[in-house]
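Engineer: If you want the building blocks of each chain, they are given just below.
Number of protein chains: 2
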Amino acid sequence: MGIDCGSEATGYGVIESDGVEHRLVATGAIRTSPKRPFESRLAEIAAGLRRVIAEFHPESAAVEEVFHAVNVKTALKLAHVRGVALLAVAEAGVELAEYSPLEVKTSVVGYGRAEKHQVQDMVRSLLRLPERVESPDASDALAIAICHATHEATHRRLATT
Amino acid sequence: MGIDCGSEATGYGVIESDGVEHRLVATGAIRTSPKRPFESRLAEIAAGLRRVIAEFHPESAAVEEVFHAVNVKTALKLAHVRGVALLAVAEAGVELAEYSPLEVKTSVVGYGRAEKHQVQDMVRSLLRLPERVESPDASDALAIAICHATHEATHRRLATT
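Chains A and V supply the protein sequences, listed in that same order. The numbering of the first sequence is numbering that gives the first Met the number 0, which starts it at 0 and goes up by one. The numbering of the second sequence is numbering that gives the first Met the number 0, which starts it at 0 and goes up by one.
Derived by calculation from the structure, the hints in this document are not laboratory data. This structure is a prediction, so every number in the text was calculated from the model and none was measured. All the given hints hold, so there is nothing to weed out.
Some residues of chain V that are not near chain A, with every Cβ distance over 12 Å (derived): (1) 8; (2) 19; (3) 21; (4) 24; (5) 32; (6) 34; (7) 53; (8) 58; (9) 101; (10) 102; (11) 105; (12) 113; (13) 124; (14) 129; (15) 133; (16) 155.
Here are a few chain A residues that face chain V, going by a calculated C-beta distance under 8 Å: (17) 41; (18) 42; (19) 74; (20) 75; (21) 78; (22) 79; (23) 81; (24) 83; (25) 86; (26) 88; (27) 89; (28) 90; (29) 95.
Each residue gets a CB set at the ideal place from its N, CA and C atoms; glycine is no exception.
Bound-form chain A, shown alone (with noise of 0.2 Å):
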């Protein structure tokens, strides 16, 4: 499973994945209303990802780092919401990994600095879907675990070698 956190929309994407080829098994993302009290939409996050938790029972979850180049109080507020992320998967006794965004990317496209609609077109392309995951929060999600699943499975591999 990875999971894309943001305050307005946190986006997941639970797969299927042997390393190389990934099978979709869910994915979309959970919206929350900027009018709405920020403590509130923490515990609709919460909520969320606990039910996507509960109904397909990941067996480990991925998030980004945080990046926070971009503007300290927006990477503040994307913290509240990964720690409400990384809470919902610690209570819920599934394993974590992290991931820099340049992992992900790299690992999805080849390429660290890829445009979003490079990983959306390579999301597609990877879980062979007849079209574009439209909502980009859901297919970020989606990269991050496309790139876990791969990573997992070159550890595996250098382990049995």
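Go by the hints and put chain V onto chain A.
Structural biologist: Same frame as chain A, but now just chain V:
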């Protein structure tokens, strides 16, 4: 209830107050080991706060706004903990209030640049305790609670005149 968020120690302080006279109900700090994975520490903090809220049913809870002047990395870590604290408060249906560190110090010591030990002394004095609350995290949480109680009472007085 006041909550002083921190990844190593999250202080809490529960008081009874009419806005002028304050009485200590409970205080302490939830300590987590830096050796444990961060997400497990978040889970410990959430469990600790939920326990305190369930035991004392606070009418409202107050936290400090994130102070990001110090160090971005520290502020981002703190924001994760704060996300978890806000979640615990929201999920318990407890009303949330936020104050800047300046407001808390001004409210408790009457001086925004007060030193840690001055806050500890004033908390002791305002709660008429025989001695200082040893843990600065617990004492800071009580200061936040006192600040909130004082502000709430002022608002109520203004509303009825």
